[in-house]
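K.L.:
Here is how the chains run, residue by residue.
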Amino acid sequence: MKPYGAATLVLAALLLVPVSPLAADSPGGNKNPSPGSGPSAGSATSDTNGSVNPFLPGEQTIGLAAGLQIPAFILPNEGGGVGNLNLGGCFSFSYQYFIARGLGIGGDIAGAFNPTIGGLWLFTAPIGFTTAYWWAKLPFEFSLLGEAGGYLMRYNNYGMIDPFAKAGCGAYWRATPSWSVGLQASFWFVPEIHYGASSGLSAYGGFVETSLAAVYHI
Amino acid sequence: MKAIRRILGAASILIALLTASCNNDYGIFKNVQEEKQQVGTTVFQEVPVMSAFRCGGYYYAAIATLQRSVVGQDSWSKVAIGNPPSTSYVLSSAVCSGPTGTIYALVQTGTEPNITVKVYSSTDGNTWTALTGLPTQTYNSSTVNVFDALFITSKGDLYAENHNYDLNPTDPSTPGASVYTLYYYKPSSSSFVQVKGGDGGFSPSPTSDYDKSIRGVVSDANGKYWFASEDSLYGGGTDPAGADAVNSLSSFYPGFASIIPNATTIWAISCTGGTLTGSPGRFVYISTKNGNIYRNDGTENNPTSIPLWQVFEVPSSTAPLTTLIVGTDAVGITAASGYFEGTWNNLSNGGSNVSFDIAGGEAIYSTTVQNFPVLSFYYDSSGYTDPATNLTFHPLFVCIVPGYSSTTYHGLYQSIWNGSSWSGWSAQ
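Protein sequence lines, in the order shown, are assigned to chains X and L. So in our numbering the end of the first sequence lands on 218, straight run, no missing numbers. So in our numbering the end of the second sequence lands on 1428, straight run, no missing numbers.
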């Protein structure tokens, strides 16, 4: 693993530290905000310690993110290994709908590109179904998410479509009643599965995404 | 929500376009890991290389200057040319009569309108002598009449192309009609003589198209000379300065006389063997602008529809122990540049038909030569011996137009044959 990959994992771990999800629903918090109060300033200001989970059923978020795509591993490790992939970029667009307090489901579409040492590009575009748990210690918000779906990969005019999985977390600051901004980190599992006579070409890639994110609360 | 639907709809269309191909037989992560970083000299970084060859103890590479490297080493340096030698020149063309022969360099010195064009020869790359007997060169504001290319056969016969055209004073980018003439350097009289044939001369028809220039000269295993321009093929005689009339074409390729009238299609003429292996040429090939190759045994091939350059022959570890390689000249065509390789009946540019032995793997081919036009190959049949291993190495050079998209691309790559396998392309 490259040094910046390790650093990113540490950053991802730190994002998990500040507050546990259980603390968000600690005794004394306002567990029953009035209908329609939403995750906005209304609920935030209605609770003096700010630890209530403000993400209520029926609410929605739209997220935009852009950042760094860090190659973590390729298995089996052959030739130059993951070192043949350089630091790249990524972006994503996501939507979530809360079906229970703090529990959102939705979709995410993303794109990532990594230059190779030979001057080519590896482009990965996953799309998936997302489940996330959100909590807050206002004005800060946190999330844990898991995603499953599929991805399209392009390299040197060749392409693959295969399953995809992602797990990650985020920490945000509620900048305005409608907008939160923060940092996200997630791990991408990118299996490249071949069939039949080409099954020997199957390989598995791992990437760490770290991005700046903006979340709009509808 | 309407905006979301629009964005998702656009994303779906994008994905549909991108998924037009899914390649189960191509390992993306496998090829990524097989890539190698190409670290060459800045001299050839994003710089087209016209030709490479060996002369004595040096490998030479022709760009706008002449570069050379000691055989077996990696560093390149600029060659001073002239009498006295100088590094202030523009190189038009350079050839060598053989691995231990004489090197010839066609250089321009001075600035417009006072440009001087000379052909120098040298046996060591250090001391140069100007060849005499060149026709008068004219290079002024209205007329250009200069030598602009050199050709050499496997027997060491030197030829120079003369290019004559009128400049358009109001628009220099659209010059007047060009006339190309071929001259043979006659050592016995130390002079250049015009190559003439039965119809009065080997001189392609006047045209305003620069492409209709002389494409090359070869001598075959029977000592016959063949001369090609884009719209003419002459030859069949044994006089290096006497191109026979077009009626001898049938001795080259049955029915060729009926093909050539279509004209404007000859892109290259080549001879396998010869300077490549040190043996007399076995076949003469005519490659065309539309991707056909004609061989003088009466067979032909149509591996592509894009222009093809010379056919070369290099060793292979698998039967028939030789591989044919044919560079593409596809400036502006991104679909398939690089080179075709394989056997005469199975030439292919990548894919399952190609072993990628020369390149060292498909990933290395993809990141070096694949996307660029190939100007020439050179295989050092003499090679050099590594005293440590006692192995003899034979470099194959490929000269390409690397474009300007990335500094990772170079104009000159080398793959070394060690007697049983290739090292794979590495930037020079």
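It is worth saying that the hints were derived from the structure and are not from the lab. Glycine is no exception: its CB is placed at the ideal position from the N, C-alpha and C atoms. Check the hints yourself; a few may be wrong.
[What the hints assert, rightly or not] Simulated restraints, written as ranges between beta carbons of each label pair:
1) X:ILE161 / L:SER1421: 32 to 38 Å
2) L:SER1355 / X:ALA175: 55 to 61 Å
3) L:ARG1006 / X:TRP179: 29 to 35 Å
4) L:LYS1002 / X:TRP173: 27 to 33 Å
[Claimed, not checked] Going by beta-carbon spacing under 7 Å, a handful of chain L positions derived as facing chain X:
5) ALA1011
6) ILE1013
7) ASN1023
8) PHE1029
9) GLU1035
10) THR1041
11) SER1382
12) ASP1386
13) THR1389
14) TYR1404
15) SER1406
[Unchecked claim] Stretch by stretch, here's where chain L covers chain X in the computed footprint (C-beta under 8 Å, at least three residues):
16) 76 to 86
17) 118 to 126
18) 142 to 156
19) 159 to 173
20) 184 to 198
K.L.:
Decide, hint by hint, whether the structure agrees.
P.N.:
Results of checking the hints against the structure:
1. X:ILE161 / L:SER1421: 32 to 38 Å: The hinted range 32 to 38 Å holds for ILE161 (chain X) and SER1421 (chain L), with Cβ atoms some 36 Å apart.
2. L:SER1355 / X:ALA175: 55 to 61 Å: For ALA175 (chain X) against SER1355 (chain L), whose Cβ atoms are near 59 Å apart, the range 55 to 61 Å holds.
3. L:ARG1006 / X:TRP179: 29 to 35 Å: violated, 21 Å
4. L:LYS1002 / X:TRP173: 27 to 33 Å: holds, 29 Å
5. ALA1011: holds, 5 Å
6. ILE1013: Violated, about 12 Å.
7. ASN1023: holds, 5 Å
8. PHE1029: holds, 4 Å
9. GLU1035: holds, 4 Å
10. THR1041: Check failed: Cβ of THR1041 (chain L) comes no nearer than 17 Å to chain X, outside 7 Å.
11. SER1382: Constraint on SER1382 (chain L) not satisfied, violated at 31 Å.
12. ASP1386: Result: violated, 25 Å to nearest chain X Cβ.
13. THR1389: Status violated, d = 24 Å.
14. TYR1404: violated, 12 Å
15. SER1406: holds, 5 Å
16. 76 to 86: That given contact holds, which follows from 8 residues of the stretch 76 to 86 of chain X lying within Cβ reach (below 8 Å) of chain L.
17. 118 to 126: The restraint on the stretch 118 to 126 of chain X holds, since 5 of its residues have a Cβ under 8 Å from chain L and three suffice.
18. 142 to 156: Our answer is that it holds, as 5 residues pass the Cβ test (under 8 Å) against chain L, meeting three.
19. 159 to 173: Coverage by chain L holds here, the residue count being 3 at a Cβ distance below 8 Å.
20. 184 to 198: Answer holds; 6 residues pass the 8 Å Cβ test.
Violation of the numbered hints given earlier is confined to hints 3, 6, 10, 11, 12, 13 and 14; the remaining hints are satisfied by the structure.
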